[in-house]
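Listed below are the residues making up each chain.
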Amino acid sequence: MLLFAVRRLASAVLVLFAISVLVFLIFFATPGVDPAARIAGRNADPATLAQVRHSFGLDRPIPIRYALMMRHLFISRDLESFVNRGAKVIPQIVQATPVTLSLVLGAAVIWVLFAVLMGTVAAWRRGTVADPLIMLAGVVGISLPVYWLGEVVNLITQSRLHGSVFSWVPPLGYVSLTDDPGQWALHLLFPWLTLAVLYAGIYARLLRSELVANLNEDYVRTARAKGISERRILIRHALRCSLIPIVSLFGLDFGALVGGAALLTEVVFGLPGVGKLTYDALQTVDLPMIMATVIYAAFFVVLANAVVDVLYARLDPRARHA
Amino acid sequence: MPEPLLEVDDLRVTFRTRRGTVTAVDGLSFALAAGDTLGIVGESGSGKTVSMLSILKLIRDPNARISGRVLFRGRNLLELTDRELRDVRGRDIAMIFQDPMTALTPVYRVGWHIAEQIRAHEKVSRQAARDRAVRLLAEVGIPEPGRRVDNYPHEFSGGMRQRAVIAMALACNPALLIADEPTTALDVTTQAQVLDLMRRLRETHGSAIVVITHDMGVVSEIADRVLVMYGGRAVERGPKREVFRRPRHPYTWGLLDSVPRMAGPRVRRLPMIPGTPIGPLDLPAGCGFAPRCRLRHQACEVRPELADAPTGGTRNGASEHVDACWLPAEGRAALRERSREESRG
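Residue numbers (the numbering used here), protein chains in the order written: chain A, 1 to 322; chain Z, 1 to 345.
Bound-form chain Z, shown alone (with noise of 0.2 Å):
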C-alpha cells in the first residue's frame, strides 16, 4: 500500500465517570488510502462514533481523554492546536452525521449552510460562495437548485436534507468524507440514493470516505475494506470481498447471518446474536465477544489481538485480512455452519 491518506494507531479513548474510568474505544489502528472506501460496522456502543469523533477532536466532554496517533497526510491530528485543527475540519476532512434533521441550524437557509462553510476554508465572495452552493445542490441532485438554495432547512424532505448536508461536506473537496449512519435515518428507497450518489461523488471528487454503519448491506454497497468493530475493539479487519466471502470472527458470523435474505430458501427465524451487546462499562478482561459467543473457550479470557491467525502461523500470507479471535485459523467456515445450525435450534 502507498503512503496512506489517514493512519490510525493505537486509538484510546476513555471517559472518567463516577464508576470509574470507562474505555470506548480500545486500540483501534487502520490506515486509509486515498479514494479508499473504509466501512466500519458494529452495533450502537461499539466505538464506531466516538473513534470517528476523536480523530477530529470533536468531542467536548471535558472528561474524555483521548491517545494514540492519527496521522492525516503525515500530521498527527491529536496534536494539533484548535487553530490548525479547524483548518483541517471541514477542508481536508469532512463528516456527516446521522440525523439530517437536526443536523442543520433551523433559522439559516441551505444555501447559507453551504456558504459559510466554503467561506470559513476560501476567500471568496458571497455571491461566487453562493453561486457555488446552487452547483454543489445541483450536483447532488436537488432539482430547481436556483431556487431550492433559499429554502430553509425544514422545507427540504429528509433525503433532500441529507443530500443538502452531503454538498455542505464536499464543498471544499475534502480528501476524507467520514459518514456516521448517513442513511439510517432515511427510508430505503431514500437509503438507495444517498449511497448511490456517495458513490458517485467517490468518482468525481475522488475523496476518500469512512462510512460508519451498523448496516452490512450499506457496507456491501460501498466499501472496499471493512472493520468489524464490538465493544470499542476492531474484532475483524479486511478487503470487502474477504470479509463477506471469509469472514472469520463469530461476531461477523452473526452480523452476516442476522440480514435478512431475499434469495434462497426462506428461514423460519432470521438467526440472531444472543444477548445485547455489552457497553464500555462491562467490558470483559479477555475477549470483548466472549460472553455473547456460542464458541467460547477457555483461551477467550485472554484478549486476542488482532493477527492474521492469532494462535499462530500465517494463513494466506496475505496479512490485510486479520481478525482477533482465539478459535483455530482452519476449519472456521465449518465452526460457523455448526453455530448457525444451532442458533436455529
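Bound-form chain A, shown alone (with noise of 0.2 Å):
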C-alpha cells in the first residue's frame, strides 16, 4: 500500500512538472509570441519593451525563467500577476477554490442522484414507454449547452419572471458557505442544476445501457433461480457491478470540473471560481495566473486520477490483484 502510495506520488509529481513545462513553452518559447510586447502595450518604442523586458525578467534564458516562475509559484508563493502589478496569483487562486468547489459539489450530488434515478428506472422499465421517453430527456440534457441554458435561466428567474415566481432567487454571485449557508444554497441552486443537466443526461444514459448489458448476465440468471426478488437483483447484483465503470468516470469529470472545466458555468453565473479566473487571465493574456491555474486544474486531475483508482480498487475485487 505504501509503495503503491510512494509510485502514484512520484508520477503525479512528474505529470505536474510535464504539465507546467508544456504551458510555460507554449507562452513563452512559441515563435511569434512575445510576452513583453502584450504587456508594453501596443505601439510601444523599442525602449520601453527592453525596459519591460528586463523589468519582468524576460530577457533571460528560457530554463531560468521557468526556474524563476517556479520558484515565485511553489516556493516563496508569491507570484506576480503581469497585468496587475502588484496582484498576488496564488491568494487569488485559494479565494476561489471554494466556489468552484461548492459549485462541482453541488452540482455532482445532483447528477448523480438523478443518473442512478432515471438510468435505473429506464433499464427497469425497458420495454415500456418509460424507458425512451427517460432517454430522450437524457439527450435533450445533454444538447443543451450549459452557456445557453445558463442564460436562459437567468432570464427567466432574473428578469422575466423575477416579479411573480422567482422572486426568492437572489442576485447572481456568490454567498460563503460559512457566512450563511442558507444564501449560499440559494445562490447556487440555478448553477447546480444547470450544470448537472449535462452530466445527469450523460451518466443516465451511460448506467442505463451498462444495466441492461449486467442484467443479460448469467450472474443475474443464477440470482433468479435462486429465488431473489426482482428488486434486489436489480439494485444489489445488476446496479452493484454497472457503477464500476460510472465512478471511474465519475472522478475523471470531477477532478476536470474542479480544475476550471466548469468554467463556462461560473461565468454565466457570475461565480468567482477558479474557470472564471482563469477566463480572465486568458483574455488578458496574463501568463503567471495562467501558469498557475493550469497547474492548479492539472493537480485536481491527477488528484482524481489517484482516488478512482483507489476506489475502483474497493468496488472491483478484480482489479485489487492486478
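If you're looking for bench data, these hints aren't it; they were derived computationally from the structure. Yeah, the Cβ is synthetic: ideal placement off N, Cα and C, and Gly gets one too.
DEER-style ranges, computed between Cβ atoms:
1. Z:Thr81 with A:Gly163: 54 to 64 Å
2. Z:Ala192 with A:Leu249: 39 to 49 Å
3. Z:Asp61 with A:His162: 48 to 58 Å
4. A:Arg240 with Z:Ser258: 36 to 46 Å
5. Z:Asp187 with A:Asp218: 17 to 27 Å
Which bits of chain A does chain Z cover? Going by a derived footprint, with three or more residues having C-beta under 8 Å, they are:
6. 206-219
7. 225-232
8. 235-243
9. 306-317
So the derived list for chain Z, only partly shown, Cβ under 7 Å to chain A, looks like this:
10. Gly90
11. Met95
12. Thr102
13. Pro106
14. Val107
15. His154
Join the two chains into one complex using the hints; note that each chain is given alone, in its own frame.
Structure follows, in C-alpha cells:
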C-alpha cells in the first residue's frame, strides 16, 4: 500500500512537472509570441520594450525563467500577475477554490442522484414507454449547451419571472458557506442545476446501458434461480456491478470540473471561481495567472485519478491483485 | 410409480420472431420421482435448456409463450404468481448453470452468495447463514472452507466455482436440482470430481436431479432415466439401462456411437451423425430427425408420437421405454448395425 502511494505520488509529480513545462513553453517559447510586447502595450517603442523585458525578467534564458517562475509559484509563493502589477496570484486561487468546489460538489450530488434514478428506472422499465422517454430527456440534457441554458435560466429567474414565481431567487454571485449556508445554497441552486443537466444525461444513459448489459449476465439468471426478488437483483446485483465504470468516469469528470472545466457555468452565473479566474487570465494573457491555474487544474485531475484508482479497487475485487 | 415429484405434461415453448412463431419445445412430457435422476440428452438447440428454464419461468423474453402443465408436488408451476414462484425457486427447485465462471456476481464473496441464498428463504441470522455456508463449502470439498468463504469468485478455479455453485444450490435442501451442463465448462478430471460430488450429494440430501447434457458419458455416470431430445421434441425416453442396452431411436444410436470407446478394436473413423442439428426455425412437419436419418422412409413425413411401439402393439409390456420412430419395433438392433456399417463407409 505504501509502495502504491509512493509510486502514485511520484507519477503525479512527474505529470505536474510535464504540464508546467508544456504550458510554459506554449506561452513563452512559441515563435511569434512576445509577452513583453503584450505587457508594454500596443505601439510601444523599442526602449520601453527592452525595459519591460528587463523588469519582468524576460531577457533571461528560458530555463532560468522557468525555474524562477516555479520558485515564485511554489517556494516563495509570491508570483505576481503581469497584468495587475503587485497582485499576487496564489491568494486569488485560494479565494476562488471554495467557489468552484461548492459549485461542482453540489452539482455532482444532483447529477449522480438524477442519473442513478433515471438510468435505473429506464433499465427497469425497458420495453415500456418510460425507457425511451427517460433516455430522450437525457439526450435533451446533453444537447443543451451550458452557456445557453445558463443564460435562459438567468433570463427567466432574474428578469422575466423575477417579479412573480422566482422572486425568491437572489441576484447572481456567491455567498460563502461559512457566512450564510442558506444564502450559499440559494445562490448556487440554479448554477448547480444548470451544470448537472448535462452530466445527469450522460450518466443516466451510460448507467442504463450498463444495467441492461448486466441484467443479461449469467449471474443475474443465477440470482433469479435462487429465488431472489427482482428488486434485489436489480439493485444489489446489477446496479452494484454497473456502478464500477460510472465511478471511474465520475472521478475524471469531477477532477476536470474542479480544475476549471466548470468555467462556462461560472462565467454565466457570475461566480468568482477558478474557471472564471482562468477565463479572465486568458483574456488578458496574464501568464503567471494562467500558469498557476493550469497547475492547479492539473493537480486536481491527477488527484481525482489517484482517488479513482483506489476507489476502483474497492469497488471491483478483480482489480485488486492486478 | 408413486406420486411423482415433478410431472411435465405437454410442455410447449414458442417464441414470436420476425420470421414467424418458432417452437423451441414441442409437447415435452415426462415424470420424475423423488430422489430419481433424469438425464436429458441432445445436441445444442434441441430445447433441453429452454424446457428446464421454462419450468421455473426463468425465460424473460417477452416474446416467449409457455403452455402445458408442470406439476411440482401437485402444484402447477406455470400458474403460480411471481411471488409464489420465488419461494419455489432456490428452496424447492434449485438450478446450476453451465458456466461457473460467470454464474456468480463478481463483486461479492463466495460466502455472501451462499448466505444470500439461505437468507432469501429462511429467517436466520447473518452469522448462522455464514456458518452454514462454511459447512456447505466443506461438504462439497473446498479445502480450508473457513478461509475460502471470504474469497471472491475470481479467486476460485473453475472446478471450485462449480462446487461453490453446487453448495449454493444445495443450501436449502431442494427436493429437485436442475443441473444444466454442469460439467461442460470443466476439464476432464474436474468433470469426474463434480459428477462424483453430485452423486454423493444425492445420497445425503435426497434431492431428485435433472441433468441436462450433450454428453452420453455424463448420463451413463449419473442418471437413472434418460430422455433424448431432438429439435424440441422427446425422441426416446426410458430407464438408463434400457436406453443404453437397447437404444431404439436412430438419433440415440448416433449419439451412442459417436462416443469414443476405450475398449474394443480401434475404429478408423468415429461414426457421426450426418448433417447439422436443426434449428427451431426449420423444423420439418414430419419427424424432426428425418433429414439426417439414414433410415427415413415414406412414413417419416408424419410426425411420430412417443410410444412404446409407434407402429402398433406392445413390445414387452413395460411401457417405460418409449420412442418416437416409425421403424418396425422388431429388428431394430439389426437395422442399427446396418446403418452403423454404412456410416463407416
